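Participant: Chain by chain, the residues:
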Amino acid sequence: MPRTTTVECPGYPPLRALTTDVVGLVKVLEVREKVGTPKVVETWGPPDASRSVVAASLADRKTNPLLAVARKNGLVEFLNPLNGNSLATVKVKDSVSSSNSTEDEPVAGLHLLGMKGTEPSSKLNKFLMCTTKGKACLRSVTVGDASPGSSHVDSPSTWNVCGAGSVLCSSVDGNENFALFGGKGVEVNVWDLEKCSKAWTAKSPPSNSLGIFSPTWFTAATFLSKEDHRKIAAGTNNHQVRLYDISAQRRPVLSINFRESPVKVVTEDLDGYTVYIGTGCGDLASFDMRTGKLLGCFVGKCSGSIRSIARHPRLPIIASCGLDSYLRFWDAKTRQLLSTVFLKQHLTSVMLDTHFSAEEIESADQPSDLQANDHSEVENDEELPPKVRSKTSRKKAHNKNKADKSKREAQYDELRDEDEQTTIESADDDDELPATTKRRKPLGGNEKRPKHKKSKKSIG
Amino acid sequence: MADRKRKREPAGDGAKPEEEKGSRDNKEKKRTLLPSLIKNKVKRMAVHAKVKREKRIEKKKKAKSRADAHKRALELGEEPPPVSIPRTIENTREPDETVCKPDDEELFVGNDADEFSNILKQERIPKILITTCRFNSSRGPAFIQELLSVIPNAHYFKRGTYELKRIVEYANNKEFTSIIVIHTNRREPDALLIINLPDGPTAHFKLSKLVLRKDIKNHGNPTSHKPELVLNNFTTRLGHRVGRLIQSLFPQDPFFRGRRVVTFHNQRDFIFFRHHRYVFESKETKVDSNDAKTKSAKGKNLTQTKMIARLQECGPRFTLKLISLQHGTFDSKGGEFEWVHKPEMDTSRRRFFL
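Quick mapping for you: the protein sequence lines, in order, are chains R and Y. When the first sequence is numbered by this note's numbering, its final residue is 512 and no position is left out of the sequence of numbers. When the second sequence is numbered by this note's numbering, its final residue is 711 and no position is left out of the sequence of numbers.
Treat each hint with caution, since some may be false.
[What the hints assert, rightly or not] Between beta-carbon pairs, the in silico distance windows are: (1) R/L262 <-> Y/R543: 27 to 33 Å; (2) R/E312 <-> Y/D453: 27 to 33 Å; (3) Y/E451 <-> R/G344: 35 to 41 Å; (4) Y/N542 <-> R/S138: 51 to 57 Å; (5) R/G348 <-> Y/L391: 37 to 43 Å; (6) Y/K690 <-> R/N227: 35 to 41 Å.
[Unchecked claim] In silico contact screen, one side only, chain Y against chain R (beta carbon under 10 Å); selected entries: (7) T455; (8) D461; (9) E463; (10) L464; (11) G467; (12) D469; (13) N542; (14) L682; (15) G692; (16) W696; (17) H698; (18) T704.
[To be verified] Listed below are the simulated BS3-like cross-link pairs for lysine-lysine, each with C-alpha atoms no more than 25 Å apart in a straight line: (19) R/K255 <-> Y/K407; (20) Y/K690 <-> R/K236; (21) Y/K417 <-> Y/K407.
In case anyone wonders, no lab produced these hints; they're calculated from the structure. Please read all numbers here as calculations on a predicted model, not as lab measurements. No residue lacks a Cβ here, since even glycine has one placed at the ideal position from N, Cα and C.
Chain R extracted, bound-state conformation:
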């Protein structure tokens, strides 16, 4: 009997995702109904091969969200993720190569800071950028002025991450105090962003029993939990997932082999111990980094290298995309494929806009019409209507989400309680999760004992 490729979607709440691809397009997908399948609602930018997106970052805030896109032609563009208006552009060359180098250096990593939303009023946005040759720079850009292009403020602080080799991956921790870099011939190193000084460097693992030493080649790395900068999960080109603990040792605490193809992306979960990894031939799996056990693979005819995974901060949904030009949504818990969307180009990154709900659309429909009118008449005032809209409607959305959120948080706390039990068993692991121990205190342990046993069983 022929099985069809369409999967019955159990349904998930409204969400919005942004993808970037190799011809420089940014596509917006939305699920609008209560239960529905995602559809492409907007496509921004003229398709052009030289504007191919190499890195992208979304500052996912309630107000003034911002999308930064690093392109192949050496430009970093700042867009409004609500309507796709270009807000500012910065040349990579100006900011990074203060020295005499003339060539364009491809950008390896781009991260917008200020995710915490502590600065809602300012139009000043800090961002961290790193080129493949290891030049990192931290600078800020003013955004929101009508004329894009002439908008950088302070002199950037730049530093060299590495002398040789090429940087392939970078990440910023939740509190935005530390950043990590790694790459081909570059060990994972952590930098303090305030002082711009190196805080820690990893050491390559010793050669194996046959005396074979595998060269350093990191292809993906991330901080394991939001609050803690001491745990780092990294993926290597020779299909290994490694766990580094800054507080413990310089060599990896744990390293796991996974299949045969290089790990291309590592993304952390909210709970602080699960990671999702994507490989070069389209395997997607989740690992428990406390034990190093494979939790399971995400099976769904995925045939192209995975380039990016995004985890929704509240819903148990992850999105993955890659060279097979499909965007896929998965249930993070059951590892079931929820839906796929074909987006025609090789995709480079996916981001989830989390402050989005269905109610917004009804209110948004009219302003978007308005905006179209504005666009033809006055170009300068373009940004205003959507922003006002976003403030009001997004707050509404947020309030609505709060109840949901608190529920989920309770769930996660339960999960964290489990952590306690499992981690006590090994001294090493106990060391690993100080952030979670802090969280645990307010909860009474006694009432939940029987529950623990159950959940523990399910884990074991």
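Since chain R is already given, all that's left is putting chain Y on it; use the hints.
Facilitator: Leaving out everything else, chain Y in the frame of chain R:
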């Protein structure tokens, strides 16, 4: 005897349809029972033969009635009943959203942006390096000889003990545009690797059903003109890409006087390679009397000259099946794949990827 029986059977059926309804019910029961479930071999064979015979008769009857209806309609001057289209695996293919549409803007931009565009726009002349795996004998060299005659501007290099990555490097320096590696197993070519230079992609094909020129009956010998290229049925996005990869092996300005054509025909994900010479000939045929009446009553013995095309196959014949398409040049360990064939994709006979 057998013939007589066959003839008798339908008559018997026609004669007594209402005679024994009970027996017919029994028959139906037996049919639901499935002959393969009967344990006695003799009985099973008998029942099976019977079922088969009935089926054939029914089929014949149907065809007969269809032909009759057609004939009657023609006689009455009506429209003949529409010819029903048989269901094939191709026309019941699973719907695929990746099939390229002619009005797709993004497709053209993607085409302009991809690795083959400078060859296909004739900014670069294709120059092909052909090499083999480390051990090569028997049909391998013969196949390469023929491939060299098929693809213009192809050069054979002995593999030696070089690594493929170094060969890629070398070919890049010498400004080759593609590398073809023919892999041999047990003295029989069984895989084909096409690497586009300078930066990918790399396609890995399974090669089967190889017939060399000398084994083809009445084969022709190809000339050295630039061949025409026919690419059939590369419909999906992936197929399109593979088609362009193959297209970039050949020069984009065929010499039509050469009357030489190379065909890559995709059917159910298998790519069939054929190489032909063709000729247009004017052939004199006697005009049928019926036609002549309608045309002109005068000349009954008029002959009509008709242009016909004749084909002569020359050159190897083989079948390819895509195993993987890799992003970038050959890298077996750290490679990123755009598409890999995985066993979990084979859950349906009606799903095709090219």
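Participant: Compare the structure with each hint and give your call.
Facilitator: Quick rundown of the hints versus the structure:
{"no.": "1", "hint": "R/L262 <-> Y/R543: 27 to 33 Å", "in the structure": "31 Å, holds"}
{"no.": "2", "hint": "R/E312 <-> Y/D453: 27 to 33 Å", "in the structure": "28 Å, holds"}
{"no.": "3", "hint": "Y/E451 <-> R/G344: 35 to 41 Å", "in the structure": "39 Å, holds"}
{"no.": "4", "hint": "Y/N542 <-> R/S138: 51 to 57 Å", "in the structure": "55 Å, holds"}
{"no.": "5", "hint": "R/G348 <-> Y/L391: 37 to 43 Å", "in the structure": "41 Å, holds"}
{"no.": "6", "hint": "Y/K690 <-> R/N227: 35 to 41 Å", "in the structure": "37 Å, holds"}
{"no.": "7", "hint": "T455", "in the structure": "6 Å, holds"}
{"no.": "8", "hint": "D461", "in the structure": "7 Å, holds"}
{"no.": "9", "hint": "E463", "in the structure": "5 Å, holds"}
{"no.": "10", "hint": "L464", "in the structure": "7 Å, holds"}
{"no.": "11", "hint": "G467", "in the structure": "6 Å, holds"}
{"no.": "12", "hint": "D469", "in the structure": "7 Å, holds"}
{"no.": "13", "hint": "N542", "in the structure": "21 Å, violated"}
{"no.": "14", "hint": "L682", "in the structure": "9 Å, holds"}
{"no.": "15", "hint": "G692", "in the structure": "6 Å, holds"}
{"no.": "16", "hint": "W696", "in the structure": "5 Å, holds"}
{"no.": "17", "hint": "H698", "in the structure": "8 Å, holds"}
{"no.": "18", "hint": "T704", "in the structure": "5 Å, holds"}
{"no.": "19", "hint": "R/K255 <-> Y/K407", "in the structure": "78 Å, violated"}
{"no.": "20", "hint": "Y/K690 <-> R/K236", "in the structure": "14 Å, holds"}
{"no.": "21", "hint": "Y/K417 <-> Y/K407", "in the structure": "15 Å, holds"}
Hint violations for this structure: numbers 13 and 19, all remaining hints satisfied.
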